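**Student:** Following the hints, put chain B in place on chain A, whose structure we already have.
Listed below, chain by chain, are the residues.
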Amino acid sequence: MKYMLLIYAGTGVTEPECTVEDWQAWDKALHDAGVKVSGESLADLVTATTVQVKAGERTVTDGPFAETRELLGGFVVIDVPDLDVALDWAARSPGSRDGGAIEVRPIADFG
Amino acid sequence: MHDRVEAVFREEHGLLLAALVHRFGDLDLAEEVASEAVEAALRTWPRDGVPTKPGAWLMTTARRRAVDRLRRDRTYADRLAVLAAEGERHEPAPEIADGLPDERLRLFFTCAHPALPAEHRTALTLRCLAGLETPEVARAFLVPTATMAQRIVRAKRKIREARIPFRVPGPDELAERLPGVLQVVYLVFTAGYADDRVDLAAEAIRLGRILHRLLCRGSGSQAPPPPTREVAGLLGLMLLTHARHETRLVPLEEQDRTRWDADLITEGTALAEAALTGGPPGPYGVQAAIAAVHAEAPDLARTDWPQIVALYDVLHRLVPSPVVALNRAAAVAMRDGPEAGLALLDGLAADPALRTYPLLPAARADLLERLGRTAEAEAAYRAALDLADSETERVRLRNRLDRIGRTGTVEE
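Taken in sequence, the protein lines are chains A and B.
Sequential numbering of the first sequence, starting at 1, is according to the numbering used here.
Sequential numbering of the second sequence, starting at 112, is according to the numbering used here.
Next comes chain A alone, as it looks inside the complex:
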């Protein structure tokens, strides 16, 4: 079963305490366990652009679609047996600490 882990950075005043090494260690653990399907970090939020087409007309606006308190900073797709395992991987991620949060979403199966 595939789950997408959406990694949200907290917008709190304190800088996250986790280091690049923490992220690399988590990424390596995902690879070593053979559960990682894909994953990317996203460029800074100021580079985001939103596109909507209404009645055939394209609207392009600066910024992310949903104004949320938390900012989507990246994602990882993992393939694991069940939600408990997915939640364990999320809890091990540096992204779940220091005011950050990870949303765990099952990938829809239309098969």
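Calculated directly from the structure, the hints in this document are not laboratory data.
What you are looking at is a predicted structure, and each value in this text was computed from that prediction instead of being measured.
Possibly wrong hints are sitting among the right ones.
Distance condition first, Cα-Cα at most 20 Å in a straight line; then the derived EDC-like pairs of lysine to aspartate or glutamate [unchecked claim]:
no., chain 1, residue 1, chain 2, residue 2
1, B, K267, A, D109
2, B, K269, A, D82
3, A, K2, A, D82
Derived Cβ-Cβ restraints for the label pairs, each shown as a range [said to hold, decoys possible]:
no., chain 1, residue 1, chain 2, residue 2, range
4, B, R320, A, A29, 35 to 45 Å
5, B, V254, A, T59, 38 to 48 Å
6, B, D179, A, R92, 38 to 48 Å
7, B, V254, A, A108, 49 to 59 Å
8, B, A229, A, A108, 19 to 29 Å
9, B, P255, A, A33, 38 to 48 Å
10, A, V53, B, S501, 47 to 57 Å
All residues carry an ideal CB built from backbone N, CA and C; glycine is no exception.
**Tutor:** For chain B alone, coordinates are given in the frame of chain A:
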């Protein structure tokens, strides 16, 4: 006969469902074939008699139906086969008398999974493990049947689509996950008392007994691990509370203690002791101990109040909530006199969490009444009555107001 079959089914329902879920990995299929097995029992048992092992009979019948169903529906079967192959994480389940493995613990943890909203957890536990029909579950939480049905459907859908597993958390996860399961059971119990539904409270006790049997069994001379001691604590607390159910509408000092259930008190007290033995105490264990101290006292005055205050101190360290502080203040009032209690209550009055909490003015009223400040006590009882959100609570408060009214007349 019909009642006999119903009683068997009610008792066996959780066992049957849990075993079927474990076997087929799907809650909907399990529920469907479990109820088909019951229908078959209702048809054949009156004719052929109740089988010697009713549980095994129901299980075999349900299993056959499930296999039939899977033969008819290949895609469904394939999906379940994939689930089973991917999700298998075997742990040996304890055997029960009928020779069927008891898989209910898994189901408890699934129904109370933190990924489900809190109100769905209680609903699902009552439905799947207590074997209540949806309208009964709806009545337990005072919501329309359609709303409850909707809740149960949503919860089952999340279990299926997000694949919440049917498994007992490992020893390292137990401390994190068990409180959620215990909370569900205690919520059912307190909901029962709030609405004066003794049957619902009894249902919670039944669930507590099952959990206790499954988690604290056979530990022998070895003390059970800390999280599971709270299972004993919860069951003890419920039994000791329930022991006083005949007198529940009367204030503690007026309760006829001969009507308290001595057997439940003995059992509950032993559980409270077990809960506090062999490690740091948990909140349920401490609350059970407080209830046990009350239960052993011949009357209110001869209650070991210093002991109760000390236990509330421990509880307040574990659960630093204003409600615990309020109960502690009431105990201090019994130990040191009403003025001491009132001073503590005045300190709590500013707490925003207690602003709409009916037991704060009720506790004040009680102390004011004891100090002979009748008019103030009456006003405080009325304030409590305005805030009270359960019928049991209102009955209790009206009884107190009536009593003040009577003494008032005598004084004139």
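**Student:** Run every hint past the structure and note whether it holds.
**Tutor:** Right, here's what the structure says about each hint:
no., hint, verdict
1, K267/B x D109/A, "holds, 17 Å"
2, K269/B x D82/A, "holds, 12 Å"
3, K2/A x D82/A, "holds, 9 Å"
4, R320/B x A29/A: 35 to 45 Å, "holds, 42 Å"
5, V254/B x T59/A: 38 to 48 Å, "holds, 42 Å"
6, D179/B x R92/A: 38 to 48 Å, "holds, 43 Å"
7, V254/B x A108/A: 49 to 59 Å, "violated, 30 Å"
8, A229/B x A108/A: 19 to 29 Å, "holds, 26 Å"
9, P255/B x A33/A: 38 to 48 Å, "holds, 46 Å"
10, V53/A x S501/B: 47 to 57 Å, "holds, 54 Å"
Of the hints listed earlier, the one the structure fails to meet is number 7.
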